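**Student:** Sequence:
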Amino acid sequence: MTTRRTFIQVMASGATAALGLGCSGGGSGSKDSGGGTPGGDPRLDSLSPGHGKAGDSLTLNGQNLAATSQVFFGTTSTAPTAVTAATLAVTVPAGLAPGAVSVTARVGSATTNALTFTVDGVGNGPHLTDAAPAHALPGTTIQLNGQNLAAVVEVRFGTTTAVPQGLTATSLNVVVPSLAVGPVQIVAHSAAGDSNALPFSVDGIAPVPQLTSVAPASAAAGASVQLTGLNLAAVDAVKFGTVSAVPQSATATTLNVVVPAGLALGATSIVAHSSGGDSNALAFTVLEGTRPVVADPILVHIYLNGGNDLLDTLPPLDTAEAAAYLKARPKMHIDAADTFDTGKGFGISNRFLYAKKWWQDGRLALMPGIGVDHPNYSHFVSHDVWNWSTASTPDNTGWLGRWADTAFGNSDTMRALCIDSSLPGLAQGKDRQFVAISSIDGFRWPSMLAPWEWNNSKDFGVATWSNEDRLRTLYEPFLAAAKTETNAAVKGVGGGYNLFYTAQGEFNQRMAAFLVSNRTIQDFEKVLYPGDTGYALDPALPLPSGASGRITAKFGSEYSHVYLAAELKFIAKMIAADMPTQVYTAELAGFDTHADHQATHEYLIAALGACIESFFDQLKLISTAKGAAEDRVIVVVWSEFGRRIAESDSGTDHGAGGLAFAVGKPVKGGVHSAYPSLVASLADRALEGNLETTVNYLRLQATLLEKWLPGGAGKTAAILGSSDPKYIQPIPFL
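Numbering-wise (this note's numbering), the sequence shown opens with residue 6 and increments by one.
What the hints contain is simulated information worked out from the structure, not anything from laboratory work.
Please note: incorrect hints may appear among the correct ones.
Stated by the list, open to error - Heads up, simulated BS3-like pairs for lysine-lysine below, C-alpha to C-alpha not over 27 Å straight-line:
id	residue 1	residue 2
1	K720	K362
2	K670	K631
3	K362	K731
4	K712	K631
5	K531	K712
6	K731	K720
Predicted model only: the values in this text are computed from it and were never measured.
Please work from the sequences and hints to get the whole structure.
**Tutor:** Structural data, given as structure tokens:
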């Protein structure tokens, strides 16, 4: 008989000892050959479940297990959580690789035989991350998201199984089975094993909510109101007209909710919704809120040159109106699927980049149907009429110029700037005018009013600009001297040159100080605009197929947006330099779309939205002694008229019923004028195929004078030439 010696390791008082034991024959390698337990050798007979993941509970069945101290999963050990002679409870340890592993138990000084266990994991079996929604009624289809879901064969809601549908690697759909109301765990199962458990709640059919009162019965956006009634605990939404708000708190008989932004002022209704259905409606009145006083407000005034098209910017969605739109423009229109539905009978074209975001943030005020009482379809005349903005006989002064006359004197040179080398008519006052500036390098002397800009003023019986030639004659000999700021004679030339000279001196002084103190590029200057190298459209924008590529290509080949971007960048830099300027004017040209309307308008309206969004991205990064820039700035956009309802070959003709809008944090978002009816407009022969005008353009200027521009309040009637509310009643977007 041959005797062999071998060594095994045992655990004794925390130390490891090497014992030399004499063994005869072919003893088993899975048992201690000399240190058995009372009643026989320990052994494992089965384990349950046969697979799992870290953290799962596992039961081992066998014999003589009472002295078990450790359970090994391969080389990884863990202490059992419960021990009897016949069973062991253990938690699957972390750090195990997916796949088969041997499980053994250390019983006293002995080691049991091995059983096979399969380790599940994200790399092997299904894994759930979330359910959408996280609660639902039986019969509702929900989506489970996660990993390794393509091979799932069943989904368990507690002990009730359901068959998955629409499987992909990262998601599946499943119908909630008939279950008791309350919480339940969802587990997905495939051949690779069970997933982790995901909490879910089964809803019940709630009783229909009933409303008895709302307090207060009128309030502004942002105010909290309380609803009283019955069955309110399960209410998940409160609808103010078509705009929904989520309840803040609710009991069976009371509910608190905040009045949402984006509501039109005036009467609306409140309806509470739960899984049981909609409640009765209560009357509610939306009030104009109190806007915080803005110190040193700034107006950025953007003119869309050529006549912007209302219909392709805000396409009608009401059934009858949309049908009239499609009939009038069978070849070129914006599909309803390519718009964001405002809930007001029209949508916002997805090509109008970022407008949906502004709307949802409550920062976009829309004024569709804006125009003059008796439209003139000449660009020059209509442009002049908007520039003059007077209900009385025009006198070749612009409404902002007349505001400047009343708000500050000739010596206050930097309060209003035109970001261009020529001066638009709206900026010309009787006693003073804005100063025109075109670059950070300094001023270009304004030509006051170019001849072509005012030729049509003769249509109104007004003489051409009287001192235009005098100013141009004076300009040449003194420009060089003014730029050097050394020729004292310049100061005595006259009002126009004195204004120019003084403004340039102040600008140079302030800008030099800004540039000296900020030699490194600031964060706001790193914001990209369309046309900049590296600029890219946000992939989350809901653009129709192909539009992103077309717009991106235009941003790389066209120039209209480059000029607007340069103007807005310049304005941002002057705001950062803490200029005292309170009005800036800028322009985007190209909206006269007699041909190739669809492609041109798509590009221009996208460029407009993208440039304004980049401008506000800059403002978020600018703060001066006067406060955060985005709290002080509004952008107001207008065009001299709209376009006709019907298409004309590949284009559109000059029309009425245009669009103005305002954007900014201080703006009260929503629709602030009636959207013109295509059906009614087409039926009215006097309109000759044009949209009706639903709000007079002078009310836009009146709003800015009364509610925004310093020194304008109380002087609106004098500046706009009328005391008739039709012309001077503010539009409540500020």
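**Student:** Can you name, in rising order, the numbers of the hints this structure does not satisfy?
**Tutor:** Per hint list: 1, 3, 5 violated.
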